[in-house]
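**Q** Sequence:
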Amino acid sequence: MSQPSPKPQQIPVVVLAGFLGSGKTTLLNHLLHRSGGSRIGALVNDFGAIEIDAMAVAGALGDSTVSLGNGCLCCAVDASELDQYLERLAEPTLGIDVIVIEASGLAEPQELVRMLLASEHPGVVYGGLVEVVDAAEFDDTRARHPEIDRHLALADLVVVNKLDRAADGERVLGLVRTLVDRAAVVPATYGRIDPEFLFDCRPSEERIGQLSFDDLHEGDLQDDPYGDDPHGDDPHQHGVDDHAGHLHAAYDSLSFVSPGPLDPRRLMTFLDSRPEGLYRIKGYVDFGPYDVRNRYAVHAVGRFLRFYPEPWPAGGERLIQLVLIGSGIDTAALEKELEACKSDAPHADEHGMWGVLRYVRDPEEDGADPA
76 MSQPSPKPQQ
86 IPVVVLAGFL
96 GSGKTTLLNH
106 LLHRSGGSRI
116 GALVNDFGAI
126 EIDAMAVAGA
136 LGDSTVSLGN
146 GCLCCAVDAS
156 ELDQYLERLA
166 EPTLGIDVIV
176 IEASGLAEPQ
186 ELVRMLLASE
196 HPGVVYGGLV
206 EVVDAAEFDD
216 TRARHPEIDR
226 HLALADLVVV
236 NKLDRAADGE
246 RVLGLVRTLV
256 DRAAVVPATY
266 GRIDPEFLFD
276 CRPSEERIGQ
286 LSFDDLHEGD
296 LQDDPYGDDP
306 HGDDPHQHGV
316 DDHAGHLHAA
326 YDSLSFVSPG
336 PLDPRRLMTF
346 LDSRPEGLYR
356 IKGYVDFGPY
366 DVRNRYAVHA
376 VGRFLRFYPE
386 PWPAGGERLI
396 QLVLIGSGID
406 TAALEKELEA
416 CKSDAPHADE
426 HGMWGVLRYV
436 RDPEEDGADP
446 A
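This note's numbering numbers the first residue of the sequence shown as 76 and each following residue consecutively.
Because the hints were derived from the structure by calculation, they are not lab data. We treat Cβ as the ideally placed atom computed from N, Cα and C, and that holds for glycine. Treat the hints with care, since some could be wrong.
What the hints assert, rightly or not - Simulated DEER-style distance windows between Cβ atoms: (1) His422 / Ser328: 31 to 37 Å; (2) Ser328 / Asp239: 38 to 44 Å; (3) Arg393 / Leu95: 47 to 53 Å; (4) Arg246 / Pro388: 47 to 53 Å; (5) Asp347 / Ala407: 16 to 22 Å; (6) Asp215 / Gly390: 57 to 63 Å; (7) Gln159 / Gln84: 18 to 24 Å; (8) Pro334 / Gln84: 23 to 29 Å; (9) Gly170 / Ala193: 36 to 42 Å; (10) Ala193 / Lys411: 38 to 44 Å.
Please build the complete structure, drawing on both the sequences and the hints.
**A** Have a look at this one:
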């Protein structure tokens, strides 16, 4: 059976969207300050030459690329110039690990996603759509902008922000969950989400895109967990407990390392039925006789799923290596389900890989649904 050829390492591009005032810039600043050593390329899609949001990200921003003190890049960019800036940020000498596009509050996220899927640049790959929602203003925003329902249905990860200001945050969370299509819904205040939902914070030598295998609980975030809030939302002024800076404290994780290949059909059944609280899956899987040359890197955020085939490292043990991150997940049950996905079949079923290959994006694909 013919298999896709290995692809070069590609930089994931994440779209960060949400209506005006939802907290996108605060969230992006949080990611920039808490990247844990990863280098982020940030594209701020503003209307006008210089916008307040763009200045809040970079500190001071003109019309060209600026280098930030923490090793990130930020550009003021019009959507029509997207390919030009992606090419700039994908330059190998820059060492960018992940690119985050902060869409304008008036932008249509579906168009940005389509542009990314249509990009012919071999150094980047679409990494998912994150929609930020203001919990305190959600009902009013939805009344003014009914298109938010469509945006939520497209999203791969939804951040319900400003929950501390919402009188009925649980109701808003429940309502948002009815409007998404298998997206992960993450509650937040001050834009604080764990960066591990989108990219690894401690890059290693062996990885593809944002995938690596550092233990999630080694070197928890230090210092002030919130970073500089450009809008003055200092949590300490509001009496918010910072859990001693450990964002991981609110989440559960499972590290699954095991020899032996997985059955692709069983794995797809597992992925298709993953529970609501399972926000992210990353790692490498072995499909044994289905592809003896390649291992497959897995990246899932909410409903977004991609597989990236790459050659097995020479001389290394062929292991399944997966990390699952979520809230309220039953790690013991998930581990048991993964064990049940293993297979010792000596031969490949001719059609067994069809489900997996659906999520291996070919370079010529330019308009497929991002899910």
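**Q** State, for the Cβ atoms of Asp347 and Ala407, whether the hinted interval 16 to 22 Å holds or is violated.
**A** holds (21 Å)
**Q** Is it true that His422 and Ser328 lie within 31 to 37 Å of each other by Cβ?
**A** Since His422 and Ser328 have Cβ atoms about 35 Å apart, the given range 31 to 37 Å holds.
**Q** Can you let me know if the beta-carbon spacing of Ala193 and Lys411 is within 38 to 44 Å?
**A** holds (41 Å)
**Q** Taking 36 to 42 Å as the stated bounds, is the beta-carbon spacing between Gly170 and Ala193 within them?
**A** violated (26 Å)
**Q** Is the gap between the beta carbons of Ser328 and Asp239 within 38 to 44 Å?
**A** violated (25 Å)
**Q** Pro334 and Gln84, beta-carbon distance inside 23 to 29 Å?
**A** Roughly 25 Å apart at Cβ, these two residues keep to the hinted range, so it holds.
**Q** CB of Arg246 to CB of Pro388, is that within 47 to 53 Å?
**A** holds (50 Å)
**Q** Using the beta carbons of Gln159 and Gln84, state whether their distance is inside 18 to 24 Å or not.
**A** holds (21 Å)
**Q** Quick check on a hinted range of 47 to 53 Å for Arg393 and Leu95, using CB atoms only.
**A** holds (50 Å)
**Q** Kindly confirm whether 57 to 63 Å is satisfied by the beta carbon distance between Asp215 and Gly390.
**A** holds (60 Å)
This entry does not satisfy hints 2 and 9, going by the numbered hints stated previously.
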